[in-house]
Amino acid sequence: GDSVTQMEGPVTLSEEAFLTINCTYTATGYPSLFWYVQYPGEGLQLLLKATKADDKGSNKGFEATYRKETTSFHLEKGSVQVSDSAVYFCALRGGSNYKLTFGKGTLLTVNP
Amino acid sequence: ETGVTQTPRHLVMGMTNKKSLKCEQHLGHNAMYWYKQSAKKPLELMFVYSLEERVENNSVPSRFSPECPNSSHLFLHLHTLQPEDSALYLCASSPQLGSTANYGYTFGSGTRLTVV
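Residue numbers (this note's numbering), protein chains in the order written: chain A, 46 to 157; chain B, 5 to 120.
These are computed hints drawn from the structure, not numbers from a lab.
Just so it is clear, CB atoms sit at the ideal spot from N, CA and C, and this is done for glycine as well.
Hints may contain errors.
[Claimed, not checked] Straight-line distance between alpha carbons at most 30 angstroms, and here's what the computed BS3-like set of lysine-lysine pairs gives:
(1) Lys97/A - Lys22/B
(2) Lys105/A - Lys22/B
(3) Lys144/A - Lys101/A
(4) Lys23/B - Lys44/B
(5) Lys105/A - Lys40/B
(6) Lys113/A - Lys144/A
(7) Lys149/A - Lys44/B
(8) Lys113/A - Lys44/B
(9) Lys45/B - Lys144/A
(10) Lys105/A - Lys45/B
(11) Lys40/B - Lys22/B
(12) Lys26/B - Lys149/A
(13) Lys97/A - Lys144/A
(14) Lys45/B - Lys23/B
(15) Lys22/B - Lys113/A
(16) Lys97/A - Lys149/A
(17) Lys40/B - Lys26/B
(18) Lys149/A - Lys105/A
(19) Lys113/A - Lys26/B
(20) Lys144/A - Lys44/B
(21) Lys101/A - Lys23/B
(22) Lys105/A - Lys23/B
(23) Lys149/A - Lys40/B
(24) Lys45/B - Lys22/B
(25) Lys101/A - Lys113/A
(26) Lys105/A - Lys144/A
(27) Lys113/A - Lys23/B
(28) Lys149/A - Lys113/A
(29) Lys44/B - Lys22/B
(30) Lys23/B - Lys97/A
[What the hints assert, rightly or not] Only part of the chain A face toward chain B is listed, based on derived beta-carbon distances under 7 angstroms:
(31) Phe79
(32) Glu87
(33) Gly88
(34) Leu91
(35) Lys105
(36) Tyr143
(37) Leu145
Produce the complete structure using the sequences and hints provided.
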């Protein structure tokens, strides 16, 4: 079945550091890929998505590129801020499947 | 405002109580979902509804009882819960079930449930 593996956290960075959170997936067909963010005490918010190979999703300075050859969708940001502190979830949705499959989440803490 | 509203935000209940969680969306979505988020565990899909019909029940104990009276509202009725049921319960919606996979879900802020 479909699965998502993302790097274990927690990740702690200083403000303005470069961020990478790795995500790889296993799926049949051609899934759509998503990153969700969960701020403390809140539900999940869609951060960005990519629906086909080589697509780049971007939002709020975050980017991720759909790499079919490596089955990866790594999240990056060039300069993180304290306000980016949250849990980040990688997810996929299969081509003919309504289910959204999530990774376990990565806690990011950004210190001033 | 995410478009999906959950009430209450926090709930403390005893093991013999009966309570209900409410979820409401006015996005015109036809599919709604209940997820359980426990510490140190992946998100667990509990129930899926499409056009008020339940399409999935992921081996959830009968002490959790969902209800979808219309496509805008979803409830989770709780009774005789256990302390291990303490978690964040998230509601989500999506435009529809089906083969178009290029959209995700819209989530509510969740209900933080504590069973004492």
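Evaluated hints:
Our distance criterion of 30 angstroms between C-alpha atoms is broken by Lys97/A and Lys22/B, whose separation comes to about 46 angstroms. With a C-alpha separation of about 42 angstroms, the suggested pairing of Lys105/A with Lys22/B is violated against the 30 angstroms cut-off. Taking the CA atoms of Lys144/A and Lys101/A, the gap is about 22 angstroms. The hint holds against a cut of 30 angstroms. As the CA atoms of Lys23/B and Lys44/B are separated by approximately 25 angstroms, the hinted pair is consistent with the 30 angstroms bound.
A hinted pair counts as satisfied when its Cα atoms are at most 30 angstroms apart, and Lys105/A with Lys40/B qualifies at roughly 28 angstroms. The hinted pair formed by Lys113/A and Lys144/A meets the criterion: a straight-line CA distance of about 20 angstroms does not exceed 30 angstroms. Restraint check for Lys149/A and Lys44/B: satisfied, since their Cα atoms lie roughly 8 angstroms apart, inside the 30 angstroms limit. Of the pairs offered as hints, the one joining Lys113/A and Lys44/B holds, with about 29 angstroms between alpha carbons and a cut-off of 30 angstroms not exceeded.
In summary, the hint linking Lys45/B to Lys144/A is supported, as the alpha carbons are separated by about 18 angstroms, within the 30 angstroms threshold. Distance check on the hinted pair: Lys105/A and Lys45/B sit about 27 angstroms apart at the alpha-carbon level, within 30 angstroms; holds. A distance of roughly 18 angstroms separates the Cα atoms of Lys40/B and Lys22/B; the hinted pair therefore holds under the 30 angstroms criterion. Under the criterion of a C-alpha separation no larger than 30 angstroms, the hint pairing Lys26/B with Lys149/A is consistent with the structure, at around 26 angstroms.
For the suggested pair Lys97/A and Lys144/A, the alpha carbons sit about 17 angstroms apart, so the restraint of at most 30 angstroms is met. Proposed proximity of Lys45/B and Lys23/B is supported: the alpha carbons are some 24 angstroms apart, at most 30 angstroms. Proposed proximity of Lys22/B and Lys113/A is contradicted: the alpha carbons are some 48 angstroms apart, above 30 angstroms. In summary, the hint linking Lys97/A to Lys149/A is supported, as the alpha carbons are separated by about 23 angstroms, within the 30 angstroms threshold.
The straight-line distance between the Cα atoms of Lys40/B and Lys26/B is roughly 14 angstroms, inside the 30 angstroms bound, and the hint therefore holds. Under the criterion of a C-alpha separation no larger than 30 angstroms, the hint pairing Lys149/A with Lys105/A is consistent with the structure, at around 22 angstroms. At roughly 39 angstroms between alpha-carbon atoms, Lys113/A and Lys26/B are farther apart than 30 angstroms, so this suggested pair is violated. Only pairs whose Cα atoms come within 30 angstroms are accepted, and Lys144/A paired with Lys44/B is accepted, the gap being roughly 21 angstroms.
For the proposed pair Lys101/A and Lys23/B, the alpha carbon gap of about 44 angstroms is over 30 angstroms, so the pair is violated. For a cut-off of 30 angstroms, the pair hint linking Lys105/A to Lys23/B is broken: about 39 angstroms separates their Cα positions. In summary, the hint linking Lys149/A to Lys40/B is supported, as the alpha carbons are separated by about 13 angstroms, within the 30 angstroms threshold. Restraint check: the Cα-Cα separation between Lys45/B and Lys22/B comes to about 26 angstroms, which is no more than 30 angstroms; the hinted pair holds.
About 12 angstroms separates the Cα atoms of Lys101/A and Lys113/A, which keeps this hinted pair within 30 angstroms; it holds. Of the pairs offered as hints, the one joining Lys105/A and Lys144/A holds, with about 26 angstroms between alpha carbons and a cut-off of 30 angstroms not exceeded. Between Lys113/A and Lys23/B the CA atoms are separated by roughly 46 angstroms; this puts the pair beyond 30 angstroms, and the hint is violated. The straight-line distance between the Cα atoms of Lys149/A and Lys113/A is roughly 21 angstroms, inside the 30 angstroms bound, and the hint therefore holds.
A distance of roughly 27 angstroms separates the Cα atoms of Lys44/B and Lys22/B; the hinted pair therefore holds under the 30 angstroms criterion. A distance of roughly 43 angstroms separates the Cα atoms of Lys23/B and Lys97/A; the hinted pair therefore is violated under the 30 angstroms criterion. With 7 angstroms as the threshold, the beta carbon of Phe79/A comes within range of chain B, its nearest partner Cβ sitting at about 5 angstroms, so the hint holds. Hint on Glu87/A holds. Least Cβ distance to chain B is approximately 5 angstroms, under the 7 angstroms limit.
Given the 7 angstroms rule on beta carbons, the hint for Gly88/A holds: about 4 angstroms separates it from the nearest Cβ of chain B. The interface hint given for Leu91/A holds, since its Cβ lies 5 angstroms from the closest Cβ of chain B, which is under the 7 angstroms cut-off. The criterion of a C-beta within 7 angstroms of any C-beta in chain B is not met by Lys105/A, whose closest approach is roughly 16 angstroms, and the hint is violated. For Tyr143/A, the suggested interface contact is upheld, since its CB lies about 4 angstroms from the closest CB of chain B, less than 7 angstroms.
For Leu145/A, the shortest C-beta to C-beta distance to chain B is roughly 6 angstroms, which falls under 7 angstroms, so the interface hint holds.
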